[in-house]
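Enquirer: Taking the hints into account, I'd like the entire structure generated from these sequences.
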Amino acid sequence: MNDMRHEKLIVRFLKAAASPAGVMRCKHTFSWLEISFLFMFLTACLTAPVSIALMKMDRFNAGNLLPNVVQKADAQFIKQLKGYQLTNGRLTGTDELYRVEKEKTLLAVDLKHELKTSGENGRIKAEGGYQNALIFQSDHLIISDQSGAGFSVRYPAKAGLNDLDADHVGDFIGAMWFAQYKPLIIMLACSAVFIISLFVTAVLTGGIWISKKSNMTGIRSFKEAAAAAVCGSALPAAAAMAFGMIRFDFIMMLLIHSCGSALMVSFIFRHIFKTRHHNENLQSGGNHGKSAAI
1 MNDMRHEKLI
11 VRFLKAAASP
21 AGVMRCKHTF
31 SWLEISFLFM
41 FLTACLTAPV
51 SIALMKMDRF
61 NAGNLLPNVV
71 QKADAQFIKQ
81 LKGYQLTNGR
91 LTGTDELYRV
101 EKEKTLLAVD
111 LKHELKTSGE
121 NGRIKAEGGY
131 QNALIFQSDH
141 LIISDQSGAG
151 FSVRYPAKAG
161 LNDLDADHVG
171 DFIGAMWFAQ
181 YKPLIIMLAC
191 SAVFIISLFV
201 TAVLTGGIWI
211 SKKSNMTGIR
221 SFKEAAAAAV
231 CGSALPAAAA
241 MAFGMIRFDF
251 IMMLLIHSCG
261 SALMVSFIFR
271 HIFKTRHHNE
281 NLQSGGNHGK
291 SAAI
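Here the UniProt record's numbering is used: the first residue of the sequence shown is 1, the next is one more, and so on.
Calculated directly from the structure, the hints in this document are not laboratory data. Since the structure is predicted, the reported quantities are computational estimates derived from the model, not experimental observations. Do not take every clue at face value.
Below are the DSS-like pairs computed for lysine-lysine, each with C-alpha atoms no more than 27 Å apart in a straight line [as the list claims (entries may be wrong)]: (1) 56 x 79; (2) 116 x 82; (3) 158 x 112; (4) 125 x 182; (5) 212 x 116; (6) 182 x 72; (7) 8 x 223; (8) 56 x 15; (9) 158 x 82; (10) 8 x 72; (11) 56 x 125; (12) 56 x 104; (13) 212 x 223; (14) 125 x 79; (15) 15 x 82; (16) 116 x 72; (17) 56 x 212; (18) 104 x 82; (19) 223 x 274; (20) 79 x 104; (21) 15 x 158.
Expert: See the structure below:
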């Protein structure tokens, strides 16, 4: 036991992660600090494909987030908008306010910032009772939807209006929106992975620890249960990471990790009961031999 505890962390972790038998042999060798480090390491493995996939993305269809206002931008408004120039993140052209109002929707080009808005970013609304608004101002775009979402989006330095048409307004707005909010989206996605991973690990740890009452699993403390849950989730985490690197699917990655971890814990219990049954048979056979000799 002492010799195993003196082995390097990576060696003990690999031995424990390799099989259910390894988990049970090494579960007592990890400290709380080591368990926490291993959990963070496995979570980082899961967030790697998420971060890489989102970093590679450069487009996002705003119709998925702001479905109503995007549909209101018709060809006539786009034709008028293309009379302006968008260069180096600045929209220039005639200073006169251009606005179109229809069905509680406001479409406008407002270089003097005459139109007023209210609410914080994420919930911005155009004043005047408009349900939807698409306002192009000199250095940013105001877009709000009747769904409740509303954003102020800066023009990227490389953005232009030359290729814009009514059929691709959602892509145009989405590209600008995604460029500005990509860091926040990556942070939220990684936070979601962390929370889900923590929840799964906590549930599995609790399930393993409860088995302590039966005196059948050899789990002697909550720390050993946590070590077994973390080490048992290593292979599913590796499989989920590999899948995400090959073909990114956020939901599928989480399913592979969650279901795989639960399956691995069930294998651990199966190994425990199988070993216990085998030992009982050996003990029973030994006692029978002694009785026959007597």
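Enquirer: For this structure, which hints from the list above don't hold up?
Expert: Structure breaks hints 1, 5, 8, 10, 11, 12, 15, 17 and 21.
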